[in-house]
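Using the hints, position chain Y against chain B.
Heads up: the sequence lines are chains B and Y, in that order. Mapping of the first sequence onto the numbering used here: residues 1 to 162, in sequence order. Mapping of the second sequence onto the numbering used here: residues 1 to 460, in sequence order.
Note that these hints are calculated values from the structure, not bench results. Note that CB positions come from ideal geometry on N, CA and C, so glycine has one too. Be aware that one or more of the hints could be misleading.
Unchecked claim - Facing chain B, from chain Y, some residues (calculated, C-beta under 10 Å):
| id | residue |
| --- | --- |
| 1 | L4 |
| 2 | V8 |
| 3 | W10 |
| 4 | R13 |
| 5 | D88 |
| 6 | D346 |
Claimed, not checked - FRET-style restraints, in silico, Cβ to Cβ:
| id | chain 1 | residue 1 | chain 2 | residue 2 | range |
| --- | --- | --- | --- | --- | --- |
| 7 | Y | A200 | B | R40 | 49 to 55 Å |
| 8 | B | L106 | Y | T3 | 18 to 24 Å |
| 9 | Y | P415 | B | K43 | 40 to 46 Å |
| 10 | B | A3 | Y | A308 | 41 to 47 Å |
| 11 | B | R109 | Y | I289 | 34 to 40 Å |
The lines below spell out each chain.
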Amino acid sequence: MTALYQAHALGLIRFAYLMLGERQAAEDVVQEAFAGLYRRWEKLSDPGKALPYVRSSVLNGCRTQLRRHRRALAGLAAAALADAALPVVSAESAVLSAEQRRGVLLALRQLPPRQREVLVLRFYLDLSEAEIAAAMGIGPSTVRSTAHRALGALGRTLEEPS
Amino acid sequence: MSTLEDRVRWALRETAEDISPVDVPLLRLPDGAGRGPAGRGRLAHGWRGWPPWLTPLAAAAAVAAVVAATLILTGGPARPGPHRTWQDALLARAPRYYIVLTDTGRTHGWPRQAQVRATRTGRIVATRTAPRPGNAFLMVAAAASVGRYVLAAQPMALKQQKVIGLSGRPVSGKTVAVQVPAGPIRFYQLRISSSGQVSALSPLPVPALPADANLYGLALTPDGRKLAVATRTGGPRPGPEIQVDTLATGAQRVWTWPGAQPVEESLGGTGSALSWAADDRTLAFQRLIDGRYKVRLLDTAAPGHRLAASRPALSVDWTGMETSRRFSHGRAVNDTDTFGALLTPDGSKIVVATVTQSFHPLTSEFAFTEFSARTGKVVAVLGRWRFTRRWPEQEQAVLWTNVDGSTLLVLAHRPGVTLNPRPPDPGAVFPVEFGVLRGNRYTPLPGQPRLGRLSIFPAW
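So here's chain B without its partners, still in its complex pose (with noise of 0.2 Å):
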């Protein structure tokens, strides 16, 4: 476990970052990820399913939290709900270019979480259809689809074709 662990909590931690904005509750997201794979030891027959499995319980991890929080932002005003989940812009690639960044990130924001899990899934974990599909627990045709249209949702708020 701690190979895996070692081999996959910095992008494990990032995906969670990407979907959530907050480091901490990416971080907790993770820990109880291989919390809950440890607990589940002996009932995992193949190793090849550890890191799937893992990968799953970080997503349901993620829709958890975002629940919880919209729950507790629930009162708050719009203006400081739009600043609540967007990962900040760092100083160094603020430099590069924060504007288009944060543009992206706002259109991915506004996606529905299912084409948003996609989107994180496929271009930032960079998985296949059948690994996202597993990891979701959605049909590879229903990853198609999906993927489709978030690409077409997220082209037309940042005025671009897709």
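The following block gives chain Y in isolation, referenced to the frame of chain B:
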């Protein structure tokens, strides 16, 4: 960017790199009892042994556990292994060490000793004495994530002053020794390595402040490369001055605001009048103007030297000392007594200790309120604690925040303490202590220094 897919991929990867490899915490696993491979419950259902593919991983995990245990015993990294309680987990979120400036009992008030303490245990790891001759420490700033600390020190001279009696006239023949500034304010650094080694104090190439200068704030960028110093200009229109020094080169930039109110906080020299965002260019500073504390954000990478060019971010009512505190019969009023604001390193929030009070019934509700740095509106309230029957001292402060304000190190009245003296005891006080707060979970720091010995709050 050629295609939409490329733009998405690029934006996600750029953003994901906000999390660097060194940010990844060590793996924390749950306690084994009843669960996991070594749990009794597992054995009761028939232990089938480790799957063959897990054997090398299990061995690695065992080695990691031994290393983690060793680090706990030696005061090593703060996240070494499974935490037995949620209090342990909470403490592990704080920086590993903090610095306390304390007097030695023979120094007439100003601290002459810097103690490096382990956050998780309170153990004094090292002590450093102020440089000779006769220096006292004034303030300390920390960049804990890189183990760099800056201490301001100044030579002090002992002066005998006459004791003033209750009548306002000197008491005949009685004097008291006090320390008065006797030389320039200089800056020194102290390093703590990842293995916990504490360096000697060494002078920094930062221009000294004159002996009669007042130091209002001190803050290191999270990367430890730049030091912000708040002081006050002289001349016909004295006003706040902020210096930013690049420690590696000694290069300095200065911003001034002639005739304006000084940069200050009301906590008594915590240094929290200044705080940096993790972008190492956005500096928050605060001033008290006409009964309102105002926090502004200065872009230190932008050209110019006018503090007035900074952006207003937050304005909070402040009613000042106890004599001027507003009372409102039967309804709560928002009231902030002591005021020290910290900008979260991600630049998104400003964290302030606040109190809401009501007179009938007599209650005080303490909290740590987070305001959006963009809109000034409240976005979160942590640790909302209510005290009844008796008015506690209004001593509460935020001393450190993690990147997004979800975990704080605070000075707080101990939650859950009920003080209901009959008859009322005017000398009774609510305990005040340092602790870690995350959401509404709070735990006091173990082995913390006694507050009565500190004239300056610790720095993390």
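Verification of the supplied hints:
1. L4: 5 Å, holds
2. V8: 5 Å, holds
3. W10: 8 Å, holds
4. R13: 7 Å, holds
5. D88: 14 Å, violated
6. D346: Since the shortest Cβ distance to chain B is 4 Å, the answer is holds.
7. Y:A200 with B:R40: 49 to 55 Å: Given about 51 Å between the Cβ atoms, the range holds.
8. B:L106 with Y:T3: 18 to 24 Å: 19 Å, holds
9. Y:P415 with B:K43: 40 to 46 Å: Between P415 (chain Y) and K43 (chain B), where Cβ atoms are some 41 Å apart, the hint holds.
10. B:A3 with Y:A308: 41 to 47 Å: About 56 Å separates the Cβ atoms of A3 (chain B) and A308 (chain Y), which means 41 to 47 Å is violated.
11. B:R109 with Y:I289: 34 to 40 Å: This hint holds: roughly 37 Å between Cβ atoms.
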